[in-house]
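**Student:** Quick mapping for you: the protein sequence lines, in order, are chains G and P. Under this note's numbering, think of the first position of the first sequence as 1, with each following residue one higher. Under this note's numbering, think of the first position of the second sequence as 1, with each following residue one higher.
Among the hints, erroneous ones may be present.
Stated by the list, open to error - Calculated Cβ distances over 10 Å to all of chain G for the following chain P residues: (1) His-5; (2) Gln-8; (3) Arg-16; (4) Thr-24; (5) Ile-35; (6) Glu-63; (7) Glu-76; (8) Lys-98; (9) Arg-100.
As the list claims (entries may be wrong) - Keeping only pairs whose Cα atoms sit at most 30 Å apart, straight-line, the calculated DSS-like set for lysine-lysine is: (10) P/Lys-105 x G/Lys-14; (11) G/Lys-28 x G/Lys-14; (12) G/Lys-52 x G/Lys-106; (13) G/Lys-14 x G/Lys-249; (14) P/Lys-25 x P/Lys-98; (15) P/Lys-105 x G/Lys-249; (16) P/Lys-25 x P/Lys-103; (17) P/Lys-105 x P/Lys-62; (18) P/Lys-97 x G/Lys-249; (19) G/Lys-14 x G/Lys-193; (20) G/Lys-106 x G/Lys-130; (21) P/Lys-69 x G/Lys-193; (22) G/Lys-52 x G/Lys-28; (23) G/Lys-28 x P/Lys-97; (24) G/Lys-249 x G/Lys-193; (25) G/Lys-20 x G/Lys-52; (26) G/Lys-106 x G/Lys-120; (27) P/Lys-111 x P/Lys-69; (28) P/Lys-118 x P/Lys-25; (29) G/Lys-249 x P/Lys-118; (30) G/Lys-193 x P/Lys-103; (31) P/Lys-69 x G/Lys-130; (32) P/Lys-111 x G/Lys-249; (33) G/Lys-193 x G/Lys-52; (34) G/Lys-193 x G/Lys-106; (35) P/Lys-98 x G/Lys-130; (36) G/Lys-120 x G/Lys-130; (37) P/Lys-62 x P/Lys-103; (38) P/Lys-105 x G/Lys-130; (39) P/Lys-69 x P/Lys-97; (40) P/Lys-118 x G/Lys-52.
Quick caveat, the hints were computed from the structure, so don't treat them as lab data. Please read these numbers as outputs of a predicted model, since none were measured by experiment. All residues carry an ideal CB built from backbone N, CA and C; glycine is no exception.
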Amino acid sequence: MNLDFSNVDQLCAKVDLRRKRPIIDLSKVRFFRPFSLVYLGMFLRYHNFRGKAFDIVAPENNTARGYLARQNFWERFNFNPDVIKGERLIRFTTSTSLNDMVDVEKRPNIADDIAVEILKVLRNNRVRVKVGLLSELVSELVDNFALHSERAFAVVAMQYYPNLHRVVLAVGDCGIGIRASLSTNPTFSHLIKRPHCEAALRAIEPLVSRIPGCGTGLTNVRDEILNLGGRVTLTTGNGYVIIAPQGIKYGNMSYDLPGVQAELSLPEEA
Amino acid sequence: MAIVHIGQLAYPCVTRVRGEEAATKLQRQVGINHIEVDLSGVDMVSLSFLDGLISHFLRLGKETDFIFKIDTPILEEKLARVAGIRNTTIHFHYDEKKIRRIKPKFSRPQKPVFIPTKEDFRQ
Numbered sequence: 001m002n003l004d005f006s007n008v009d010q011l012c013a014k015v016d017l018r019r020k021r022p023i024i025d026l027s028k029v030r031f032f033r034p035f036s037l038v039y040l041g042m043f044l045r046y047h048n049f050r051g052k053a054f055d056i057v058a059p060e061n062n063t064a065r066g067y068l069a070r071q072n073f074w075e076r077f078n079f080n081p082d083v084i085k086g087e088r089l090i091r092f093t094t095s096t097s098l099n100d101m102v103d104v105e106k107r108p109n110i111a112d113d114i115a116v117e118i119l120k121v122l123r124n125n126r127v128r129v130k131v132g133l134l135s136e137l138v139s140e141l142v143d144n145f146a147l148h149s150e151r152a153f154a155v156v157a158m159q160y161y162p163n164l165h166r167v168v169l170a171v172g173d174c175g176i177g178i179r180a181s182l183s184t185n186p187t188f189s190h191l192i193k194r195p196h197c198e199a200a201l202r203a204i205e206p207l208v209s210r211i212p213g214c215g216t217g218l219t220n221v222r223d224e225i226l227n228l229g230g231r232v233t234l235t236t237g238n239g240y241v242i243i244a245p246q247g248i249k250y251g252n253m254s255y256d257l258p259g260v261q262a263e264l265s266l267p268e269e270a
Numbered sequence: 001m002a003i004v005h006i007g008q009l010a011y012p013c014v015t016r017v018r019g020e021e022a023a024t025k026l027q028r029q030v031g032i033n034h035i036e037v038d039l040s041g042v043d044m045v046s047l048s049f050l051d052g053l054i055s056h057f058l059r060l061g062k063e064t065d066f067i068f069k070i071d072t073p074i075l076e077e078k079l080a081r082v083a084g085i086r087n088t089t090i091h092f093h094y095d096e097k098k099i100r101r102i103k104p105k106f107s108r109p110q111k112p113v114f115i116p117t118k119e120d121f122r123q
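So that you can see chain P by itself, here it is in the shape it has in the complex:
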């Protein structure tokens, strides 16, 4: 399995466009089969970036052919939200190497309330 650190593909990892560019580079460098994308130790990896990266492989039907290495629960949560938004399967592992399937997280937005007169929302 090829291991690629995300820092080799993009910095900073914040926009969807960068995520899509990183996916294209990844595809060019190592093909699209059996890749480990190492996200650990990076300052910023945004949800839009991850969504851009993962959506690229989703379009190719190859989203299950790679796994993510992560080092924080924040990254796990972001992957879970991408899995929820895209209704897809994502695999990941921390340092301990045990590969797990991410549990998708779905947004549960509250019901918005219409306020006829604008209030003072100072905080």
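Just chain G, with the same shape it has in the complex:
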């Protein structure tokens, strides 16, 4: 099976969290989309933070197992993320390591640094997208994490599909999420009683932010992705919003995962 936006929440919802060491069964997974990897990683981090460790059944498929190993999935997750030492932060191994997962720590200018690193990687690989624009959009998402998540770490995963002529980037954290963040602003305090997906929809409107006068980041992501013919998938709590040329859709996930997880999917230019 492929693990992606359509089923990763169901996989998480099936995990029996009452067990001392809950089991996550990835044995039948043959392919991981970046979003699913980030979502699963954030599921692990969120529960690890609460003292829960998991037994994970690795994929039977060699390629899928190799992919997780290359992403340092086992080293990166399933331990307390707030005690990662600086030297263990895993960044792009080279300026050409295109299909990679990156740890992102909360500190000033982290969004700028990630934007520059992604720009270098995309440019060095001659990926035919507007590399500056895509790097900016990722930095908007990373900046949102740094400003609003109230957590120490996030991850960015990037994957280039040359046969599909598509680049996919996912960014995720397991922080307080959009609804709790927005509702700290008295103007949006009513959202705390509304569904997560409704809060996410508000967050993509201009000048909607926990910080009065700010709130252009997600609007920018929405507008630019639509201009470029791409797609944004945004999940927070048990809500999701999908923005695509076909329209904006929203609804509920099967699992209520704190934080914000997002995927940008862009076609290459002809």
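Since the structure of chain G is provided, determine the placement of chain P on it from the hints.
**Tutor:** Below, chain P without anything else, positioned relative to chain G:
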């Protein structure tokens, strides 16, 4: 008129915080009257950065006292979106020196559709 290249104030030009910092530096360096901010030749100039920069001067009521030099339609579009979001006036020019007023661009979001059962959105 003082001309300042954005690269002297910030790199990369992607976050709102950098935009606000660049505005503060600009104000310190050359005052806030009659400045040309040259955005040309920069890898990344994001909407949030521009909004941070322009909002700073908006708060001071000085947004019309400077102009932008740009070199791509992408930058023009971003300035137009900031002008739309902030409902403000922005002046700019390309190399040809003819100063123009940006035409604000407003977002026209589509009406979102609630999907009770999550679909397979693979692409």
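**Student:** Each hint should be assessed against the structure and marked as holding or not.
**Tutor:** Here is how each hint holds up against the structure:
1. Even its closest Cβ contact with chain G, about 17 Å, leaves P/His-5 beyond 10 Å, as expected for a residue assigned away from the interface.
2. With a closest Cβ-Cβ approach of about 16 Å to chain G, P/Gln-8 is found to remain outside the 10 Å limit, as its non-interface label requires.
3. Interface exclusion of P/Arg-16 from chain G breaks down, the closest Cβ pair being 6 Å apart, not more than 10 Å.
4. In this structure P/Thr-24 is separated from chain G by more than 10 Å, as the shortest Cβ-Cβ distance comes to about 15 Å.
5. For P/Ile-35, the requirement that its beta carbon stay farther than 10 Å from each beta carbon of chain G is met, with the minimum near 22 Å.
6. The Cβ of P/Glu-63 sits about 14 Å from the closest Cβ of chain G, beyond the 10 Å cut-off, so the non-interface label holds.
7. Under the 10 Å C-beta cut-off, the non-interface status given to P/Glu-76 relative to chain G holds; the minimum distance is some 13 Å.
8. No Cβ of chain G comes within 10 Å of the Cβ of P/Lys-98; the nearest lies about 26 Å off, and the non-interface call holds.
9. Every Cβ of chain G is farther than 10 Å from the Cβ of P/Arg-100; the closest lies at roughly 22 Å, confirming the non-interface assignment.
10. Between P/Lys-105 and G/Lys-14 the alpha-carbon distance is near 46 Å, which puts this suggested pair outside the 30 Å criterion.
11. The straight-line distance between the Cα atoms of G/Lys-28 and G/Lys-14 is roughly 15 Å, inside the 30 Å bound, and the hint therefore holds.
12. With a C-alpha separation of about 23 Å, the suggested pair G/Lys-52 and G/Lys-106 falls inside the 30 Å cut-off, and the hint holds.
13. As the CA atoms of G/Lys-14 and G/Lys-249 are separated by approximately 25 Å, the hinted pair is consistent with the 30 Å bound.
14. Of the pairs offered as hints, the one joining P/Lys-25 and P/Lys-98 holds, with about 27 Å between alpha carbons and a cut-off of 30 Å not exceeded.
15. A distance of roughly 24 Å separates the Cα atoms of P/Lys-105 and G/Lys-249; the hinted pair therefore holds under the 30 Å criterion.
16. The straight-line distance between the Cα atoms of P/Lys-25 and P/Lys-103 is roughly 27 Å, inside the 30 Å bound, and the hint therefore holds.
17. Straight-line distance between C-alpha atoms of P/Lys-105 and P/Lys-62 comes to about 21 Å, which keeps the hinted pair within the 30 Å bound.
18. Distance restraint check for P/Lys-97 and G/Lys-249: the Cα-Cα separation of roughly 44 Å exceeds the 30 Å cut-off, and the hinted pair is therefore not satisfied.
19. A distance of roughly 26 Å separates the Cα atoms of G/Lys-14 and G/Lys-193; the hinted pair therefore holds under the 30 Å criterion.
20. With a C-alpha separation of about 27 Å, the suggested pairing of G/Lys-106 with G/Lys-130 holds against the 30 Å cut-off.
21. Our distance criterion of 30 Å between C-alpha atoms is broken by P/Lys-69 and G/Lys-193, whose separation comes to about 46 Å.
22. The straight-line distance between the Cα atoms of G/Lys-52 and G/Lys-28 is roughly 24 Å, inside the 30 Å bound, and the hint therefore holds.
23. Between G/Lys-28 and P/Lys-97, the direct Cα distance comes to roughly 62 Å. Violation of the 30 Å bound is thereby established for this hinted pair.
24. Taking the CA atoms of G/Lys-249 and G/Lys-193, the gap is about 21 Å. The hint holds against a cut of 30 Å.
25. Of the pairs offered as hints, the one joining G/Lys-20 and G/Lys-52 holds, with about 8 Å between alpha carbons and a cut-off of 30 Å not exceeded.
26. A threshold of 30 Å between alpha carbons decides the hint, and for G/Lys-106 with G/Lys-120 the separation of about 21 Å falls inside it, so the pair holds.
27. Between the alpha carbons of P/Lys-111 and P/Lys-69 the distance comes to roughly 36 Å, so the proposed pair goes past 30 Å and is violated.
28. Proximity of P/Lys-118 to P/Lys-25 is assessed by CA-CA distance (about 48 Å); at most 30 Å being required, the pair is judged violated.
29. A C-alpha spacing of about 10 Å is found between G/Lys-249 and P/Lys-118, which places the hinted pair at or below 30 Å, so the restraint holds.
30. Pair hint G/Lys-193 plus P/Lys-103 does not hold up; C-alpha atoms about 39 Å apart against a cutoff of 30 Å.
31. Distance check on the hinted pair: P/Lys-69 and G/Lys-130 sit about 21 Å apart at the alpha-carbon level, within 30 Å; holds.
32. This hinted pair checks out: P/Lys-111 and G/Lys-249 have alpha carbons roughly 9 Å apart, not beyond 30 Å.
33. Taking the CA atoms of G/Lys-193 and G/Lys-52, the gap is near 29 Å; set against the 30 Å cutoff, the hint holds.
34. A threshold of 30 Å between alpha carbons decides the hint, and for G/Lys-193 with G/Lys-106 the separation of about 28 Å falls inside it, so the pair holds.
35. Pair hint P/Lys-98 plus G/Lys-130 holds up; C-alpha atoms about 28 Å apart against a cutoff of 30 Å.
36. Pair hint G/Lys-120 plus G/Lys-130 holds up; C-alpha atoms about 13 Å apart against a cutoff of 30 Å.
37. Proximity of P/Lys-62 to P/Lys-103 is assessed by CA-CA distance (about 19 Å); at most 30 Å being required, the pair is judged to hold.
38. At roughly 21 Å between alpha-carbon atoms, P/Lys-105 and G/Lys-130 fall within 30 Å of each other, so this suggested pair holds.
39. For the proposed pair P/Lys-69 and P/Lys-97, the alpha carbon gap of about 9 Å is at most 30 Å, so the pair holds.
40. Under the criterion of a C-alpha separation no larger than 30 Å, the hint pairing P/Lys-118 with G/Lys-52 is consistent with the structure, at around 29 Å.
Going through the hint list in order, the structure does not satisfy hints 3, 10, 18, 21, 23, 27, 28 and 30.
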